[in-house]
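Trainee: Here is what each chain is made of, one letter per residue.
Number of protein chains: 2
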Amino acid sequence: MANKVLIYSRFPRTMMARFAERFELLDTAGKPAREVFSAEELGGIRAMLTAGGTPLGAEAMDLFPKLGAVVCYGTGYDGVDLKAAAARNIAVGHSPGANAASVADIAMTLMLATTRRILVADQYVRSGDWASSKQSPMMRPQAGMPGRRIGVYGMGEIGRKIAARCAAFESEVGYFSRTKHDLPYQYFPTLEALADWCSVLMIAVRAGAETQHVVNADILKRLGAVGYVVNISRGSVIDERALVAALSDKTIAGAGLDVYETEPHAPDALTALPNVVFAPHIGGHTLDSHVAMQNCVIANLEAYFAGKPLPYSVRES
Amino acid sequence: MANKVLIYSRFPRTMMARFAERFELLDTAGKPAREVFSAEELGGIRAMLTAGGTPLGAEAMDLFPKLGAVVCYGTGYDGVDLKAAAARNIAVGHSPGANAASVADIAMTLMLATTRRILVADQYVRSGDWASSKQSPMMRPQAGMPGRRIGVYGMGEIGRKIAARCAAFESEVGYFSRTKHDLPYQYFPTLEALADWCSVLMIAVRAGAETQHVVNADILKRLGAVGYVVNISRGSVIDERALVAALSDKTIAGAGLDVYETEPHAPDALTALPNVVFAPHIGGHTLDSHVAMQNCVIANLEAYFAGKPLPYSVRES
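From first to last, the protein sequence lines are chains S and Z. According to the working numbering, the first sequence holds residues 45 to 361 in order. According to the working numbering, the second sequence holds residues 45 to 361 in order.
Honestly, I wouldn't trust all of these hints.
[Stated by the list, open to error] Here are the simulated lysine-lysine pairs, DSS-like style, with alpha carbons at most 30 Å apart:
hint, chain 1, residue 1, chain 2, residue 2
1, S, Lys75, Z, Lys75
2, S, Lys178, S, Lys224
3, Z, Lys110, Z, Lys127
4, S, Lys178, Z, Lys75
5, Z, Lys110, Z, Lys75
6, S, Lys224, S, Lys127
Worth flagging that the hints you see were computed from the coordinates, not collected in a lab. Here the structure is a predicted model, which is why all the values come from computation and not from measurement.
Just chain S, same shape as in the assembly (with noise of 0.2 Å):
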């Protein structure tokens, strides 16, 4: 007989279909688990797959009296109460470096239809706006790559694929860490000085309670009015209201975003700024990184039903 998965976050059935041949999957659709499943077959259940983004504190986890795995798909984990599930006795996994070069593609992405105004560029030319001449103050040219100054905030496995590639594109590259890296990209020991110091701000950082809103009203104002912001990680780590109103009031030049403080909802007075560029978080929403994600889930799963230790597990550090 096949082990049992809670499903317990909302995932698109395309997914999961890899995991359904090998567990007996309960799907709670993102909905409440209580709701949909009874407390009988809740108490059998032993590990659960989750995005890492959503909320999983100790209430929860307390549903679960047998619980032992909870597995996340994808890198992230910041919903999930470390300390919690360690009193429990409960282990964490994750798909660490999965998607990396998937998530770092999309900063990319977005960082160059942002600074090259792709989304204003595509409608001149379908509007006919081009063909007729007509002027726009949005095409105006803009800074390059060569010699343009990127600051990568965060150095793990995602902010190093970023700066590899920006460095490519004949950019300089520094980086904000809690550690100085090995690495030939300049070192700035503070956010705010390496928000002083780049004009385009790569927001690559594991998100946690300690980077709640750290890109703030102050740190945006230091990227200056020629400046962007991209972000990747998660939405809690910018200040979402000093956003809208930096890119208002033209404080920064633009941002590209694929994550927003309360997916999958972005602000009205955010989505109606022509000077961003916007993506529902698809990060690492690429085929390759989805196999290489679900690779890691089943990896979890199959080696915590073995009674092993998760071979892709959450460290605290």
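With chain S held as given, fit chain Z onto it using these hints.
Mentor: Chain Z alone, transformed into the frame defined by chain S:
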């Protein structure tokens, strides 16, 4: 007295500001020179500034008996009849490499925007479809960059910069050009072989009579249903009708275009397609690229008026 320079193509006035400080400009604004200036004025013209794509043949050259230098703004000079110029002892200059990074960057922007479907993604967030969990077939995961086979057609300065950028995205890079270069990318002896191998074709070849419509229905078919074509060279290299057909019937997955057969016009059948990202020939359109191109123009014109050879001269290959 400042030397006179005829502005033969239509350029925004802001782009001409630095030239106006050094030369007396006779600006046709893209109209036939004889409609704008008297025969006497034109008879005295010794140098002109043109856009490389603007047709400039023997007959047009003969309107200016004293013409000794044709200087192209940018890298391209496909509109200039080099044989006719040589027969009249007219030097032809351009701005080699000055915009290579900027053009390579728009190629990367178009490739990433197209393959990651950034127009659809942006609209999915802005429209509220994401917030209301509306299904979007266009948002299905696509192949990512790592391991993707990128074919670069043309290995001049722009092609090399595209190849270096793609390599940083962990893609496999292959190329076709007339000659094999000492480069760490797989060489293909024909465009057909390159198109069979790659899933993204990046057109970076120098355009001319021999490249007219070489990317035709057959080449597009070889790219296949998950294939993309990106053109930042000249519109003439692609058979635009074959491209519209291939995009419409899903022979290929999509395209990213900065150039068109008859600019500034893009056919309605093309601009109506959802699987294309358009840009209005802005490849070289960055602040740093314009400065670099202007430096070449000024150096060419000043050398010419000083009786010296053009430092950035077109060499027929």
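Trainee: All hints, please: hold or fail.
Mentor: Verification of the hints:
1. S:Lys75 with Z:Lys75: violated (66 Å)
2. S:Lys178 with S:Lys224: The hint is violated at about 49 Å.
3. Z:Lys110 with Z:Lys127: With Cα atoms ~17 Å apart, Lys110 of chain Z and Lys127 of chain Z stay inside 30 Å; holds.
4. S:Lys178 with Z:Lys75: holds (17 Å)
5. Z:Lys110 with Z:Lys75: holds (20 Å)
6. S:Lys224 with S:Lys127: holds (27 Å)
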